Amino acid sequence: MTREDIKTYVLDYLAGRMTCKEFVEIITDYLDGSLSLLNRIRFHLHLGLCLGCRVYLRQMKHTIETLGRLPDEPVPPAVREQLLQRFRTWKNT
Amino acid sequence: MRQVGVSTPDQFEAYELELSRRAPVPKTDYPNKAGIEPPGRRPAAEELLLLERLRNGDEAAFTLLVERYHASLIRLAQAHVSDRSVAEEVVQETWMGVLEGLDRFEGRSSLKTWIFRIVTNKAKTRGVRESRHVCFSSTGALDEEAEEPTVDPSRFRTSGHWADYWASYPQPWDEGTPEKIVLTKEGSAYLEQAIQALPSNLRQVLILRDVEGLSSKEVCAMLQLSEANQRVLLHRARSRVRRALEQYLEEGIRPA
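First to last, the sequence lines map onto chains H and A. Numbering-wise, the numbering used here puts 44 at position 44 of the first sequence, and it's gapless, one number per residue. Count along the second sequence starting at 1, add 1000, and that's the number in the numbering used here.
It is worth saying that the hints were derived from the structure and are not from the lab. Among these hints, one or two may not hold up.
Said to hold, decoys possible - Chain A is nowhere near these chain H residues, computed Cβ spacing over 12 angstroms in every case:
| id | residue |
| --- | --- |
| 1 | L37 |
| 2 | L38 |
| 3 | I41 |
| 4 | H44 |
| 5 | L45 |
Unchecked claim - List time: in silico DSSO-like cross-link candidates among lysine-lysine, alpha-carbon distance up to 30 angstroms:
| id | chain 1 | residue 1 | chain 2 | residue 2 |
| --- | --- | --- | --- | --- |
| 6 | H | K91 | A | K1124 |
| 7 | H | K7 | H | K21 |
| 8 | H | K21 | A | K1124 |
| 9 | H | K7 | A | K1217 |
| 10 | A | K1217 | A | K1124 |
| 11 | A | K1185 | H | K61 |
| 12 | A | K1180 | H | K21 |
| 13 | H | K21 | H | K61 |
| 14 | A | K1217 | H | K21 |
Being a predicted model, the structure only gives us computed values, none of them experimental. From the three backbone atoms N, C-alpha and C, an ideal C-beta is built for every residue, glycine too.
Here chain H stands alone, though its shape is the one from the complex:
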């Protein structure tokens, strides 16, 4: 075994034998807290060793945050007025 082989083996072992391809598929499970303990450990080991997946996870968090801040289009005044009319009718029944 060369030094390079050992390094590869250790890295692979520490990364929980999780590939990036697997990592990107279980991010929502991780964020929802539904990973098993073992998979959570594997996830964290991989995350700690893989810069690409750290970036990817951050992008996913940014995506979620962006979605949560999506601005609403304003209610057209005509629609608001119409709904208010219905409210008045409802109130008087």
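Given chain H's structure and the hints, the job is docking chain A onto it.
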């Protein structure tokens, strides 16, 4: 596409350094509208007061409710029915349903969840009538979709010891990215388009969870989904939106 292959230790270090210069991401996993109104922990006092004012026929309270939820209801209805005008009708019916049910509403869920349940049911009925509604119980379609990877396989190495690891790392985004997108007209139009482009079932889950900040439990009950299926749909939807944002940020793709 702009890609950075990071292969040598030097490049790696430079990249890591570049990353560390950027401000850390806030620790919240779910920064969404729920950040203001956490699901299940809604400020009950505000809601009770609003409810009381509504029952007393307070027009300002009703206007507040309309301002707060009308756009969300339209967006949600559109995930079930294809046509914008049909969605608008569904939302009109929803508001009537809200008024009719107001006296019977017991506050076992938040007002928001209750209203969203009404629109979902009405839109579902309408969607079935239009016969384009995606039925979640036909799990065949869902399973098939679940098999598909959410990230383009060409982003990963195909052979060697590091097969299925990144071929080139994704680009880090600036910390201000969410603000940058939602605070510009172009950015929010683009995001809205990216959501609209999702298939109906993915869109329903994504809107309820990430845009509106409902809990997984509430969404599962509303859409009659198992938690596992809901997560699959949510993950697929998020991944597609992430890809769309990547195209916007890195490849200069703009809303049509």
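Honestly, which of those hints from before does the structure not fit?
Per hint list: 8, 9 violated.
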